[in-house]
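Each chain is listed here by its residues.
Protein chains: 2
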Amino acid sequence: MEVTRTLARFIVSSRYEHIPQPIRHEAARALLNWLGCAIGASHHETIDNMLAALKPFSGPPQATIVGRSERMDILHAALVNGVSSHVLDFDDTHARTIHPSAPVLPALLAYAEHKPVAGAELVHAFVLGVEAEERIGISVFPEHYEVGWHITGTAGVFGAAAAIGKLLKLNEQQMCWALGIAATQSAGLREMFGSMCKSFHPGRAAQNGLTAALLASKGFTSSEQPIEAKRGWANVLSTKFDPTVVTEGLGERYELAYNMYKPYACGLVVHAAIDGCIQLSTEHDLKGDEIEGVELTVNPIVLELTAKREPGTGLEGKFSVFHAAAVAIVKRMAGEAQFSDEMVRSPELVALRRRVEAVGDASIHKLEARIRFRLRNGSVLEKHVKRALGSFERPLSDQDLEAKFRGLVDGVLPDSQAARLIELCWKIADLDDAAEIPRNAAKTADRR
Amino acid sequence: MEVTRTLARFIVSSRYEHIPQPIRHEAARALLNWLGCAIGASHHETIDNMLAALKPFSGPPQATIVGRSERMDILHAALVNGVSSHVLDFDDTHARTIHPSAPVLPALLAYAEHKPVAGAELVHAFVLGVEAEERIGISVFPEHYEVGWHITGTAGVFGAAAAIGKLLKLNEQQMCWALGIAATQSAGLREMFGSMCKSFHPGRAAQNGLTAALLASKGFTSSEQPIEAKRGWANVLSTKFDPTVVTEGLGERYELAYNMYKPYACGLVVHAAIDGCIQLSTEHDLKGDEIEGVELTVNPIVLELTAKREPGTGLEGKFSVFHAAAVAIVKRMAGEAQFSDEMVRSPELVALRRRVEAVGDASIHKLEARIRFRLRNGSVLEKHVKRALGSFERPLSDQDLEAKFRGLVDGVLPDSQAARLIELCWKIADLDDAAEIPRNAAKTADRR
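Line by line, the protein sequences give chains A and B. Per our numbering: the first sequence = residues 1 to 448. Per our numbering: the second sequence = residues 1 to 448.
Hints are not guaranteed to be accurate.
To spell it out: a stretch of chain A is covered by chain B in this simulated footprint if at least three of its residues, at any positions, have a beta carbon under 8 Å from a beta carbon of chain B; those stretches are [to be verified]:
(1) 42 to 55
(2) 182 to 190
(3) 199 to 211
(4) 218 to 224
(5) 230 to 236
Computed cross-link-like contacts, DSSO-like style, restricted to lysine-lysine with a CA-CA straight-line distance of at most 30 Å [what the hints assert, rightly or not]:
(6) A/Lys115 x B/Lys55
(7) B/Lys218 x B/Lys308
(8) A/Lys230 x A/Lys308
(9) A/Lys383 x A/Lys287
(10) B/Lys230 x A/Lys55
(11) A/Lys218 x B/Lys55
(12) A/Lys230 x B/Lys386
(13) B/Lys386 x A/Lys308
(14) B/Lys308 x A/Lys230
(15) A/Lys240 x B/Lys230
(16) A/Lys383 x A/Lys169
(17) B/Lys55 x A/Lys55
(18) A/Lys230 x A/Lys218
(19) B/Lys308 x B/Lys230
(20) B/Lys287 x B/Lys386
(21) B/Lys55 x A/Lys169
(22) B/Lys240 x A/Lys240
(23) A/Lys230 x B/Lys366
(24) B/Lys366 x B/Lys427
(25) A/Lys55 x B/Lys115
(26) B/Lys240 x B/Lys308
(27) A/Lys240 x A/Lys55
(28) A/Lys230 x B/Lys169
(29) A/Lys366 x A/Lys331
(30) A/Lys308 x A/Lys331
(31) B/Lys240 x B/Lys218
(32) B/Lys115 x B/Lys218
(33) A/Lys240 x A/Lys230
(34) B/Lys115 x A/Lys366
(35) B/Lys218 x A/Lys55
(36) A/Lys240 x A/Lys218
(37) B/Lys115 x B/Lys55
In short, the hints are calculated from the structure, not lab data. Each residue gets a CB set at the ideal place from its N, CA and C atoms; glycine is no exception.
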């Protein structure tokens, strides 16, 4: 079976008119969500350290480092923005596998600042990039992940190669090479989770996929069965491979339809509890000191992963369902700002989190929670969250995404710039020049 | 067992004074051999295509592309020179695993043009880089290779990271990170053999290892057990891992002692036959038309891999033991120039190769051959080559390496420049500035 060639042929022959309107709109949603995450992390020490190390070797200032005033060549911009995408672990998640935007959008936007790309072209290339990386990823999932590969890096590189290959108008042969050059750079170990290398993976995937397409466009050759050959990507990097996942129904459905966006800046398992706390606090306009006690009933995995009783830092706060519930009640939000060191140490929140209890119940789904508030006035309030906001069943609305974006960008770029970016993301498909987005995502030097 | 940390500690604490003189000299031999291979391939279409694709994104002209007039930033120079190293498949080979110089020397020489590095420092860093990549490679060999990994790429990246980390004077913690950042970029599939991606692997290894050390020096973190952890490099990329190979006897012996250099520009299995033909032709000062017939007795693998009767191109000539024997007799050499399209099509050589016969004999070692010439004057000449020149048992002499270097550089750089480079390589350990070597390996623009 010709796996690589079939996929290459689909990518090369796809036309923008083929992409259904809801998928085009999902691309705009993914773009807005991704951009907020990347800008929000743009001054994290992961990025500062990377720029300190690599800036002396950057080429011409071709592309924006989002949220910052530096400009770098497009290969470095794809890398750095790819890392920013994932530093907060707040980027999008496909229902079955990877974080799809982080390896693809940084490559596309960098390229769009180098050569003119219409907004619709960029949307089209993004949809196809996601299609390639998701199908290849799912074809080896979950065995590939269980072996120890960080699939967002290992499959993501195909997404960037396919997307940039589409912009470069590669022919079928060149697209096979691009996927092959991507395959042979595929890397990223799960052992790195918890270190800066975790977000390095989608960054390298973006940069390596971009490189793969550029090389293929100039006749740099690879194997022509890089995915399916005996010593090809799937067999070397996985114990399972289902080639039909890559090739069946191409163009009939799009993987981007299964994309999810996190509303809260912490692990998915805490989302249902946060969701219920925000709902109850908002509906009854509660203050923290009106609450005598909070009881959460959650899947046992929540206690396994996030039972930190007395978090000392913002990062530890992400692993404390108690802090998460307390901050959700008081601030009615749970964005990156609600997991700062200051927030975790606030006396009001410390006092409230000590009044939160959580019990495990295996009959409860990991994106489900039951929340019970006992108020000091004697009344009891209850909420059953069947599926957390942001799950596939309860997607974030466009307005939710805008609010998340504003929360992430706040403190990095002025409000007026955030508003302009929101507007540009929604109309990406109508822009004559997709580079308006990255250009407007730069921090202007005089504001620093 | 602390594998990564033990190795890191050794690298960090090693002093130049610890390196035995024969190992230092072997470093100079490896440098001379590597440089010839890289210059010899510097105008191959693999390099032309890569430069056409990537030149627009290069940073400042910090480092030489050997054999060419272009200069690029050190990350790109490490990549491009790393690719040149392996295009002709003529670079060095460790007795048990990888091609050690290709992933390490390009990174070191690029860095030496960016910041001052004494020759002895460069020799020291090279020896340690080879030590790291060889030990890590052997610890998973051959299972890792059999799965389908191109070990020169996958293990080579550790060599570049260790070597550059030594130049950067990383501390033990940073060296662990450098090895970790290297591990999580480790890539390269054997499926790519036969395409331009094969030589891409050591190039990316050089560039990624260099990047790893630069990032670690600025506090970019990774796992601290990247090699040995459950989801670390060895367990994810191999079914076998012997950690003691990495850690035992560090500093007591050096892997560079087991390095081999190919005298002839084709697969090792043809070397014994070529060797015998050159010896007989030289000893008896024969011309091709004095020979009525040639009989070669060789290991059956030789016929399996190189039985192309009528090669049409230089590349096909490398897979023809008949052409190899004929050209060895007539030219008394078998360098890159003896495997050109013109050479393969020369009527004199075509006529002679049709008078060459080869028979397989499983009792003969694959680096062994029996050669028998029947002359038109009725006499018979015989030679038994027990081990080919260039094998571990019969290493190339320093003079042989010089001759190989001149053959590779011929037509790319002037003879005077070749002579100067030979002189510099031999005295590398005494140079105040190691960058004299790459600077002298550039093609000056006015000569093009």
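Results for each hint:
Note: the stretch 42 to 55 of chain A has 7 residues with beta-carbon separation from chain B under 8 Å; the three-residue rule is met and the coverage holds. Residues of the stretch 182 to 190 of chain A with a Cβ under 8 Å from some Cβ of chain B number 8, which satisfies the need for three, so the listed coverage holds. Look at the stretch 199 to 211 of chain A against chain B: 4 of its residues bring a Cβ nearer than 8 Å to a Cβ of that chain, three or more, so the hint holds. Coverage of the stretch 218 to 224 of chain A by chain B holds [criterion: at least 3 residues with CB-CB distance below 8 Å; count 6].
Remark: the stretch 230 to 236 of chain A is confirmed as covered by chain B, as 6 of its residues place a Cβ nearer than 8 Å to a Cβ of that chain, reaching the required three. For the hint pairing A/Lys115 with B/Lys55, the CA-to-CA distance comes to about 15 Å; that is within 30 Å, so the pair holds. This hinted pair does not check out: B/Lys218 and B/Lys308 have alpha carbons roughly 53 Å apart, beyond 30 Å. Restraint check: the Cα-Cα separation between A/Lys230 and A/Lys308 comes to about 46 Å, which exceeds 30 Å; the hinted pair is violated.
Simply put, A/Lys383 and A/Lys287 have alpha-carbon atoms about 17 Å apart, close enough for the 30 Å limit, and the pair holds. For the suggested pair B/Lys230 and A/Lys55, the alpha carbons sit about 34 Å apart, so the restraint of at most 30 Å is broken. This hinted pair checks out: A/Lys218 and B/Lys55 have alpha carbons roughly 12 Å apart, not beyond 30 Å. Annotation: proposed proximity of A/Lys230 to B/Lys386 is violated, straight-line Cα distance about 36 Å (limit 30 Å).
Distance restraint check for B/Lys386 and A/Lys308: the Cα-Cα separation of roughly 69 Å exceeds the 30 Å cut-off, and the hinted pair is therefore not satisfied. At most 30 Å may separate the alpha-carbon atoms for a hinted pair to count; B/Lys308 and A/Lys230 meet this at roughly 25 Å. Taken as a hint, the A/Lys240 and B/Lys230 pair is honoured in the structure, with Cα atoms around 20 Å apart against an allowance of 30 Å. Note on A/Lys383 and A/Lys169: the hinted pairing is violated, with a Cα-Cα distance of about 53 Å set against a maximum of 30 Å.
This hinted pair checks out: B/Lys55 and A/Lys55 have alpha carbons roughly 17 Å apart, not beyond 30 Å. About 27 Å separates the Cα atoms of A/Lys230 and A/Lys218, which keeps this hinted pair within 30 Å; it holds. A threshold of 30 Å between alpha carbons decides the hint, and for B/Lys308 with B/Lys230 the separation of about 46 Å lies outside it, so the pair is violated. The hinted pair formed by B/Lys287 and B/Lys386 meets the criterion: a straight-line CA distance of about 25 Å does not exceed 30 Å.
A C-alpha spacing of about 20 Å is found between B/Lys55 and A/Lys169, which places the hinted pair at or below 30 Å, so the restraint holds. As the CA atoms of B/Lys240 and A/Lys240 are separated by approximately 19 Å, the hinted pair is consistent with the 30 Å bound. At most 30 Å may separate the alpha-carbon atoms for a hinted pair to count; A/Lys230 and B/Lys366 meet this at roughly 26 Å. About 35 Å separates the Cα atoms of B/Lys366 and B/Lys427, which puts this hinted pair outside 30 Å; it is violated.
This hinted pair checks out: A/Lys55 and B/Lys115 have alpha carbons roughly 15 Å apart, not beyond 30 Å. Between B/Lys240 and B/Lys308 the alpha-carbon distance is near 37 Å, which puts this suggested pair outside the 30 Å criterion. For the given pair, A/Lys240 sits about 40 Å from A/Lys55 by alpha-carbon distance, which is inconsistent with the 30 Å threshold. Restraint check: the Cα-Cα separation between A/Lys230 and B/Lys169 comes to about 42 Å, which exceeds 30 Å; the hinted pair is violated.
About 24 Å separates the Cα atoms of A/Lys366 and A/Lys331, which keeps this hinted pair within 30 Å; it holds. With a C-alpha separation of about 20 Å, the suggested pair A/Lys308 and A/Lys331 falls inside the 30 Å cut-off, and the hint holds. A hinted pair counts as satisfied when its Cα atoms are at most 30 Å apart, and B/Lys240 with B/Lys218 does not qualify at roughly 33 Å. A hinted pair counts as satisfied when its Cα atoms are at most 30 Å apart, and B/Lys115 with B/Lys218 qualifies at roughly 16 Å.
A distance of roughly 13 Å separates the Cα atoms of A/Lys240 and A/Lys230; the hinted pair therefore holds under the 30 Å criterion. With a C-alpha separation of about 54 Å, the suggested pair B/Lys115 and A/Lys366 falls outside the 30 Å cut-off, and the hint is violated. With a C-alpha separation of about 12 Å, the suggested pair B/Lys218 and A/Lys55 falls inside the 30 Å cut-off, and the hint holds. At roughly 33 Å between alpha-carbon atoms, A/Lys240 and A/Lys218 are farther apart than 30 Å, so this suggested pair is violated.
A hinted pair counts as satisfied when its Cα atoms are at most 30 Å apart, and B/Lys115 with B/Lys55 qualifies at roughly 22 Å.
Of the hints listed earlier, those the structure fails to meet are numbers 7, 8, 10, 12, 13, 16, 19, 24, 26, 27, 28, 31, 34 and 36, in rising order.
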